[in-house]
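> Below, each chain spelled out in residue letters.
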Amino acid sequence: MVKLKINNTDYEAPEGLTILDVARSAGFNIPTLCHKEGLPHYSSCMVCMVKDNRTNSFVPSCSALIQEGMDIDISGEEVISLRRKAIELLLSEHRAECEAPCKVVCPAGYNIPLMNRLIIAKDFDAALKLSLSEHGSSEILCAKCPGYCENACRRKKVDIPVSIRNMQLFISQRINQDKPVQDVADQHHNNDTVIETGPKKRKLSKLFTSHIGRLEETELLEWLKECSGKGIRFREISDFNSAAGESESCMHCDCRAADDCRLKDLAEEFSIKDPRGKLVNSPIVKKINHNTGLIFENAKCIKCGLCVRLCEDSKEEPALCFIRRGFVSIISEPLTEEFDNILKTKSKEVIEICPTGALSQLK
Amino acid sequence: MKDGETKILTNECDCDQTAVDDITAVVNEVVELTGREPEKVILILQEVQKRLNYLPLEALKHICKVTEITPGQISGVSTFYSQFRHIPAGKHTVKICSGTACHVKGAPLISDAFKRVLKIDNTRSSSPDNLFSIEEVACLGCCTLAPVVQIDGKTYGHVKPTQAEEIIKNFLNVGNKSVSHHDTDNKEDIDAEIRIGLGSCCVAGGSKDILDEIVDIKERYDLNIRLKPVGCVGVCNQTPLLEIVTRENIHSRYTKVSKHQVEEILLKHIRPRAINKRIKHNIYDLVDTFLSDDMLTSPVNIPGELREKYLNNFLSYQVHLATSNSGVLSPDSYEEYCLSGGFEALNQCLNRFDQNTIVDIITESGLRGRGGAGFSTGEKWRISMLANGDSKYVVCNGDEGDPGAFMDRMLLESFPYRVIEGMIIAAYATGAKEGIFYIRAEYPLAVTRVRKAMKQCYEKSILGDRVSGTGFSFNIKIFEGAGAFVCGEETALISSLEGKRGTPHLRPPYPAVKGFRGQPTLVSNVETLSLIPWIITNGAEAFKSIGSGKSKGTKVFALAGKISKGGLIEVPMGITIREIVEKIGDGVAEGRKFKAVQIGGPSGGCIPASEADTPVDYEELTKMGAMMGSGGMVVLDDTDCMVDMAKYFLTFSHKQSCGKCTFCRIGTKQMLNIIIRLSEGKAALSDIVELENLCKSVKDGSLCGLGKTSPNPVLTGLRYFREEYEAHTRGFCPAKKCRNLIRYIVTDDCTGCTKCSQECPVNAIPFNPYEKHEIDNQLCTKCDNCRIVCPENAVEIINING
Chain W
1 MVKLKINNTD YEAPEGLTIL DVARSAGFNI PTLCHKEGLP HYSSCMVCMV KDNRTNSFVP
61 SCSALIQEGM DIDISGEEVI SLRRKAIELL LSEHRAECEA PCKVVCPAGY NIPLMNRLII
121 AKDFDAALKL SLSEHGSSEI LCAKCPGYCE NACRRKKVDI PVSIRNMQLF ISQRINQDKP
181 VQDVADQHHN NDTVIETGPK KRKLSKLFTS HIGRLEETEL LEWLKECSGK GIRFREISDF
241 NSAAGESESC MHCDCRAADD CRLKDLAEEF SIKDPRGKLV NSPIVKKINH NTGLIFENAK
301 CIKCGLCVRL CEDSKEEPAL CFIRRGFVSI ISEPLTEEFD NILKTKSKEV IEICPTGALS
361 QLK
Chain S
1001 MKDGETKILT NECDCDQTAV DDITAVVNEV VELTGREPEK VILILQEVQK RLNYLPLEAL
1061 KHICKVTEIT PGQISGVSTF YSQFRHIPAG KHTVKICSGT ACHVKGAPLI SDAFKRVLKI
1121 DNTRSSSPDN LFSIEEVACL GCCTLAPVVQ IDGKTYGHVK PTQAEEIIKN FLNVGNKSVS
1181 HHDTDNKEDI DAEIRIGLGS CCVAGGSKDI LDEIVDIKER YDLNIRLKPV GCVGVCNQTP
1241 LLEIVTRENI HSRYTKVSKH QVEEILLKHI RPRAINKRIK HNIYDLVDTF LSDDMLTSPV
1301 NIPGELREKY LNNFLSYQVH LATSNSGVLS PDSYEEYCLS GGFEALNQCL NRFDQNTIVD
1361 IITESGLRGR GGAGFSTGEK WRISMLANGD SKYVVCNGDE GDPGAFMDRM LLESFPYRVI
1421 EGMIIAAYAT GAKEGIFYIR AEYPLAVTRV RKAMKQCYEK SILGDRVSGT GFSFNIKIFE
1481 GAGAFVCGEE TALISSLEGK RGTPHLRPPY PAVKGFRGQP TLVSNVETLS LIPWIITNGA
1541 EAFKSIGSGK SKGTKVFALA GKISKGGLIE VPMGITIREI VEKIGDGVAE GRKFKAVQIG
1601 GPSGGCIPAS EADTPVDYEE LTKMGAMMGS GGMVVLDDTD CMVDMAKYFL TFSHKQSCGK
1661 CTFCRIGTKQ MLNIIIRLSE GKAALSDIVE LENLCKSVKD GSLCGLGKTS PNPVLTGLRY
1721 FREEYEAHTR GFCPAKKCRN LIRYIVTDDC TGCTKCSQEC PVNAIPFNPY EKHEIDNQLC
1781 TKCDNCRIVC PENAVEIINI NG
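Sequence lines, in order, name chains W and S. So the first sequence is numbered by the working numbering: it starts at 1 and just counts up by one. So the second sequence is numbered by the working numbering: it starts at 1001 and just counts up by one.
Please note that a few of the clues may not be correct.
Unchecked claim - Pulled a few chain S residues facing chain W out of the computed Cβ check, cut under 7 Å: (1) Gly-1072; (2) Thr-1079; (3) Ser-1657; (4) Gly-1659; (5) Phe-1663; (6) Arg-1665; (7) Ile-1666; (8) Lys-1669; (9) Cys-1695; (10) Lys-1696; (11) Ser-1697; (12) Gly-1701.
In short, the hints are calculated from the structure, not lab data. Even for Gly, the Cβ is constructed at its ideal location relative to N, Cα and C.
Modelling step: build the complete structure from the supplied sequences, incorporating the hints.
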């Protein structure tokens, strides 16, 4: 048995355990990103840093074995400061676009990309319910809106913006048959109409908000990859087919893990703002596995290696691996494989274990 | 080629692609030789690349097919190590050394020059005729000949940017003839023995040509002599070095010998065959007479006893333990090593000492790891000795990656038997049965010499099942590093031995307890091992009596940079930096002002001239913010910019980072960005504050030594040269080094000779004979050609901002 101190309290634990093991059993809260019970530790994110007062040095608690006489500081100022720095550094190369531009500028706060995805799946009821629940009102407000969303829509750079308002109005009209449709075109002259901004459900606490970036030319092509459909555009939405068709032109600029992102959670916990001037370590790419629907975005990856450790690579079922070295190292399919052929059976698991939105599911 | 992009060959590429059948055949052959286990991946990749020039995708696929290696493993490993390339290189690779000494002597300009001459830009990886590719390598280990360029096996030293074209022409004409070893016959009855140093540096200095000339003269005059190639003497700046030992046992040394002097020199000492006496060979004799090289008078006319003060100093301050018998022993000769006392220490251990006794001696001696960290060697041995394991290992860490350090290379090339002996003793003491020589692939001569020595050792039963006739068995294999500085860290080294990416892990567990294949593994530096025989033979007290404080014994340093006389020196710990620079190195070259000494490579720091009385000692150097490191010592003068040096080292750390932990992977990039902006005059004082904070975080938060020490060059720079950093925030580079902040101008001393105009690669100087020339700033790339060729020293560098 090994005797050690954590935050000035004495503990005793069997040899071979890590500081993290002991601390968590004792009820201490140490954040982690690249650690997962049951998987070999990797010590990449360095968010679990603690200080050993004996040696005045900092160690990652997930892989630091407990030693006799250790005097561990888990929550002192220096430790917190170093943890913050780790998160800041991770954010500085992380393309944190939690919310799409259209959603951010929408006065009603509609989750437009999600709505589009629901329409693609032809689940029109859900799409409508989603929008109504966002604002807590009983009718879609797009009729009175000048359409900031369409102005901010990135599809504009390719051809024309997604016809968001018309889609919303069409669905709401079809489902609430008795309400008359007001064509959006009429409303352009009504500039003094003010929409009641902010859905009542939005939390009042300070959230992590990401900067909205511009997409470069090459990046546009990557984002277009998700657009299924034949590129036929519909300005007017007159039936469910044209609605479904138009929704396919959405580029899904949002992050599908926005509500389920451990990096975002940590940033909020430590009140860290999204830094400007992001580092780009390799060309931004969106890889899509057309067989399983797995999406990988390297711009969001924090190189924690959980996906690699989770699925042992084999010839039968190639998995993800690290390639290159240093700052330019990335997660990728093996050089000898196509992205369409990897992780035939384990896609769901890697998506779940990914701490950010780097791995997500199409549809 | 953009940094960081793994280019894979596609069908659209227009270069020669190897046929798939040939690829499969080669892979099958290689796997047959090497084996199928995942551990063997690096060996397989190295061999396949050797045969195919690169690693085609088909080869990677087929390797996975016929071995246990998985697609993920082969992708991860083949893209991690710098040695491997996925697209073909030109027929010949022009390796441009970007080590510290070479950088300080202008390597970036050399690189630009070769790129221009070979017409290689960012869009191609080889010259249009596919004959040449350029590779910037971390360090070739020929620092005293900086700047160094190596094409295939041929090394060129003291390269000037203006010589790029000439060198390419020379290479194509003369080609790359390997060193032929003459006269390995052991005739007893000779008039004289001619010793010539043939280490990598010596060869680059022209020693091969001298050797050829000697052979020629010997044949012409029928001289009764024996030619003996010897190992490194360390006096690198005086090569080619020739030593003649006559049958009367008179030693005469000649320095900086040129080809036309050979005939004169030889004939002075040796008469064409007539006398027939025996030579008493005393190879324990150290040379005490030198003849200085005087270009005006023939060297043979200078009396033998005349001592040149500097040469005397160069050697008299040194204490040769690891390098004892330097310049006397032929590196390949087992017999000579034995005759000079070799393997006596081993036999003592095997016959008289038990494990505990040996470990006690080493611990008592105070020997500390010479790789840089300085951990007590004896303690490490004890941990390994006491650890439990069915099969223990000893690894000799020859992955000397510090740019500016080449001590280990010299020790392996010149004293392979000594290192082997140290290894066997270590194995015996700790209970290891297998050893591994981990040598950088950039040191092919070292690999060759060690391989030859090992072969002899096996033949003489020094290695194998019954070492020296005892029951102790020990076998060694050689593993060539695949090009990753981080693999000098022991856990990363072990990772690469296991066929994985070279990423370190936290210690404990220590490799001495749980290392290679989970077994106790003693990882030891080359220099540390080469000191073991001396300590065993002479005792712990003798070793302890040399040195100072807690730093006992000697240390080998590679003195290079802006020093007059650079070379490899072995000095007692505690000697001051001033003594090394002024007495041994004869001061700063070309009469410039001594500014600082960079010690410890990218992990170390700069000690300013004002602190030159700092003794070379582990603790003292750490107090100053630097680190002993592996022994690279680069001298800087007033034309070296501390911001530029920090940029250089941060670039190195950034490129060599394994990428695992957040602080090193992203932190070094952030630090580098700030330093680059500083060097371009685009940073503010607040940036310096941010830089300092980043340095502290990276130092605290990194997982391994590479990351933790990567901020040191910046931290020491800020500690001792803060004004210089702050000057850059005002757009001013005091040393006139940072290209964005300087301008080249022609002064009134110009005679109108047009040489600068002719040499300017971008036509920035109009051809105006007899007129004062002007440099067009818009076109000028600051390549330095004009300043080098101007015979009137009429080209000056000035600061743009006052």
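> Hint by hint, say whether it matches the structure.
Right, here's what the structure says about each hint:
no. : hint     : result
1   : Gly-1072 : 3 Å, holds
2   : Thr-1079 : 4 Å, holds
3   : Ser-1657 : 4 Å, holds
4   : Gly-1659 : 4 Å, holds
5   : Phe-1663 : 6 Å, holds
6   : Arg-1665 : 6 Å, holds
7   : Ile-1666 : 4 Å, holds
8   : Lys-1669 : 5 Å, holds
9   : Cys-1695 : 12 Å, violated
10  : Lys-1696 : 9 Å, violated
11  : Ser-1697 : 4 Å, holds
12  : Gly-1701 : 5 Å, holds
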